[in-house]
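Residue numbers (the working numbering), protein chains in the order written: chain A, 1 to 351; chain B, 1 to 351.
Keep in mind the hints are simulated off the structure, nothing from the lab.
One or more hints might be untrue.
Put simply, identical chains are the same to the list, so a pair is met inside one copy or across any two.
[Said to hold, decoys possible] Straight-line alpha carbon distances no greater than 25 Å define the calculated PhoX-like cross-link-like pairs of lysine-lysine that follow: (1) 263 <-> 347; (2) 44 <-> 133; (3) 254 <-> 133; (4) 112 <-> 133; (5) 112 <-> 347; (6) 254 <-> 41; (7) 133 <-> 263; (8) 112 <-> 24; (9) 327 <-> 133; (10) 215 <-> 112; (11) 41 <-> 317; (12) 317 <-> 254.
2 protein chains.
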Amino acid sequence: MKNWILPVALIVMAFPSTGMAQSKPLVLASQGSFFVGGESKTSKELTSSTSGPGAGETGDVTINQMYVQYQTPVNGSQHTPVVMVHGCCLSSKTWETTPDGRMGWNEYFVRKGHSVYLADQSSRARSGFDATKINAVKLGHVPPSELPNIFMASHQTSWVLFRFGPTFNVAFPDEQFPVQAADELYKQMIPDLNAFLPMPNPTWTNLAALASQLKGVVLMGHSESGFFPEQAALIDPAGVKGIVTIETGCTALKPEELSKLAKIPILIMFGDHLGDLPGPFGSFWTTGFDACNKFVQQVNDAGGDAQMMYLPKMGIKGNSHMLMQDKNNLQLADLILRWIDDHVEAKEHHK
Amino acid sequence: MKNWILPVALIVMAFPSTGMAQSKPLVLASQGSFFVGGESKTSKELTSSTSGPGAGETGDVTINQMYVQYQTPVNGSQHTPVVMVHGCCLSSKTWETTPDGRMGWNEYFVRKGHSVYLADQSSRARSGFDATKINAVKLGHVPPSELPNIFMASHQTSWVLFRFGPTFNVAFPDEQFPVQAADELYKQMIPDLNAFLPMPNPTWTNLAALASQLKGVVLMGHSESGFFPEQAALIDPAGVKGIVTIETGCTALKPEELSKLAKIPILIMFGDHLGDLPGPFGSFWTTGFDACNKFVQQVNDAGGDAQMMYLPKMGIKGNSHMLMQDKNNLQLADLILRWIDDHVEAKEHHK
Numbered sequence: 001m002k003n004w005i006l007p008v009a010l011i012v013m014a015f016p017s018t019g020m021a022q023s024k025p026l027v028l029a030s031q032g033s034f035f036v037g038g039e040s041k042t043s044k045e046l047t048s049s050t051s052g053p054g055a056g057e058t059g060d061v062t063i064n065q066m067y068v069q070y071q072t073p074v075n076g077s078q079h080t081p082v083v084m085v086h087g088c089c090l091s092s093k094t095w096e097t098t099p100d101g102r103m104g105w106n107e108y109f110v111r112k113g114h115s116v117y118l119a120d121q122s123s124r125a126r127s128g129f130d131a132t133k134i135n136a137v138k139l140g141h142v143p144p145s146e147l148p149n150i151f152m153a154s155h156q157t158s159w160v161l162f163r164f165g166p167t168f169n170v171a172f173p174d175e176q177f178p179v180q181a182a183d184e185l186y187k188q189m190i191p192d193l194n195a196f197l198p199m200p201n202p203t204w205t206n207l208a209a210l211a212s213q214l215k216g217v218v219l220m221g222h223s224e225s226g227f228f229p230e231q232a233a234l235i236d237p238a239g240v241k242g243i244v245t246i247e248t249g250c251t252a253l254k255p256e257e258l259s260k261l262a263k264i265p266i267l268i269m270f271g272d273h274l275g276d277l278p279g280p281f282g283s284f285w286t287t288g289f290d291a292c293n294k295f296v297q298q299v300n301d302a303g304g305d306a307q308m309m310y311l312p313k314m315g316i317k318g319n320s321h322m323l324m325q326d327k328n329n330l331q332l333a334d335l336i337l338r339w340i341d342d343h344v345e346a347k348e349h350h351k
Numbered sequence: 001m002k003n004w005i006l007p008v009a010l011i012v013m014a015f016p017s018t019g020m021a022q023s024k025p026l027v028l029a030s031q032g033s034f035f036v037g038g039e040s041k042t043s044k045e046l047t048s049s050t051s052g053p054g055a056g057e058t059g060d061v062t063i064n065q066m067y068v069q070y071q072t073p074v075n076g077s078q079h080t081p082v083v084m085v086h087g088c089c090l091s092s093k094t095w096e097t098t099p100d101g102r103m104g105w106n107e108y109f110v111r112k113g114h115s116v117y118l119a120d121q122s123s124r125a126r127s128g129f130d131a132t133k134i135n136a137v138k139l140g141h142v143p144p145s146e147l148p149n150i151f152m153a154s155h156q157t158s159w160v161l162f163r164f165g166p167t168f169n170v171a172f173p174d175e176q177f178p179v180q181a182a183d184e185l186y187k188q189m190i191p192d193l194n195a196f197l198p199m200p201n202p203t204w205t206n207l208a209a210l211a212s213q214l215k216g217v218v219l220m221g222h223s224e225s226g227f228f229p230e231q232a233a234l235i236d237p238a239g240v241k242g243i244v245t246i247e248t249g250c251t252a253l254k255p256e257e258l259s260k261l262a263k264i265p266i267l268i269m270f271g272d273h274l275g276d277l278p279g280p281f282g283s284f285w286t287t288g289f290d291a292c293n294k295f296v297q298q299v300n301d302a303g304g305d306a307q308m309m310y311l312p313k314m315g316i317k318g319n320s321h322m323l324m325q326d327k328n329n330l331q332l333a334d335l336i337l338r339w340i341d342d343h344v345e346a347k348e349h350h351k
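One chain only, chain A, in its complex shape (with noise of 0.2 Å):
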């Protein structure tokens, strides 16, 4: 149990004596946390103990609930509020202080005039998630072919699959994800139980209903999460003002889906070395970053607004699938922000 002993870097590495710490105090209007969605369930295994409380006990629980938090700096009522939703494995934590010790993209966001939401997604982290599936097992109540996948992502395919470099730990010479700290983003990662969700995943709806809550937000979605955004809006447009997807593979939707995602500003980035990957990984980022490129190209068909920021086209070197927690993460992000001015705001403008 020495594992309290931490190494004088990581400790550095959580005050780190540049960036926060030099910024200019953050002024908030207002801060907070409630939750989108959810849904009372009855279950007879809210315990596999047959003893204590819930013993035996048929009761109810809430499920499919999404956990939201939020910061509205003091000028935040002349931008666009940005909702951040994360991706597998992983919790709202990916876009907060890099695992480096920088400022991530929640707090500049904020800095930058922009109500900021993280949601968790729904079966993740500050979410919950039913486990009533587990508990009947051990009970004996229904068999273990029936439990869902869980997902974790290990050390050794997050390196490789989130591209920092070829082979566990070998980093490509441009790599931008800071390597050193490798080991502090594989603490931020959680199993993922979205295989015990029902379909269509309560995150779409819950997204939906949060965009029309605050009467027009942009949504940003990362990896499995890329194309939550594009989900939220074909179940509700209303609320949903732009659309920022980040490295995921696009879904072939049908004509009237593409109408529908015409009317929303959409803009989708990847990063560098997508082609690159040895071995089973080799296709996933080409075939995603195919698959997006066609989307861009029939949204637009359809008189929309999509454009694909190709980091490499643009000069920009050695991105890694983590975009957000990279060494250029502030650069990234004004990329961003410039496009909701341009193609968000300014398309509000001219109302």
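Please arrange chain B on chain A, whose structure you already have, making use of the hints.
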């Protein structure tokens, strides 16, 4: 799937026109998040899927880490930082915006000049957990009997055990919990995986490490975690300048342990209606209260500074188990802040 059509009441709760909105801007010197602790574990059951990423792979994951989110006010160096850790089936949401949309203790303590650190217990919420055993059962590698228990608190159990009233959906006449918003509390509830953890509980070790790292804090626990500050101080008292234990069952300690804790100011707080619950819950709180009174006496007999704040005895009536969410939550926070002034900081000044 109509759960996204939120009643107006909930929208008002999430964005109250009173309370936070009327407050002065919140001025932060810094904010961020990081992890404490965590260790690598090799897992052969990263997924129970037989295809796709992780299938058949043996790889490493990080477990037992503790996620911490912090805010430092501009005048924060004048006061002792406070670390808040939540109870069973909950997350750090406990300390944030109340179920009926009022300011939580996290922001209130910051506004009163204290840096606040919110810790998600190891194996809960943004701290992640180890799903290896669950996948191993699905894959047939181990029998279902090896699954640790997962505990979910039902609405029915929570209402009575948290002392909102004697019977589900019936409130005590003087109830301080905002019972009209009980559904919002139920959304905060997360299955409890603490039975998956080794002993000593990594959260204890991580809290001790955090306290040392910060060079002096007040540790505050609630319910399941109510005695975690004491457990952390027994592992390493170096950084523990004060302890606040809210509504728990105090553990019987040995004389040498009591001597260790006698060097740290300790506040214990209990609300109302401890003995007013029916049937199986009847002696739950009175047993814990009695054990904590005995603990206070023992610490003081060992030369310590321990104090029991039993709210009804002070004329403060009707408080539930969720003191930090009750309608008089800021009044109770003031009692704690005053106690820190008098017992922790005054003591510091005299050194």
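Consistency of the hints with the structure:
| no. | hint | result |
| --- | --- | --- |
| 1 | 263 <-> 347 | within (11 Å within a copy, 64 Å between copies) |
| 2 | 44 <-> 133 | both (10 Å within a copy, 22 Å between copies) |
| 3 | 254 <-> 133 | neither (35 Å within a copy, 41 Å between copies) |
| 4 | 112 <-> 133 | neither (44 Å within a copy, 44 Å between copies) |
| 5 | 112 <-> 347 | within (19 Å within a copy, 42 Å between copies) |
| 6 | 254 <-> 41 | neither (34 Å within a copy, 44 Å between copies) |
| 7 | 133 <-> 263 | neither (41 Å within a copy, 47 Å between copies) |
| 8 | 112 <-> 24 | both (13 Å within a copy, 20 Å between copies) |
| 9 | 327 <-> 133 | neither (42 Å within a copy, 36 Å between copies) |
| 10 | 215 <-> 112 | within (20 Å within a copy, 33 Å between copies) |
| 11 | 41 <-> 317 | neither (49 Å within a copy, 34 Å between copies) |
| 12 | 317 <-> 254 | neither (34 Å within a copy, 61 Å between copies) |
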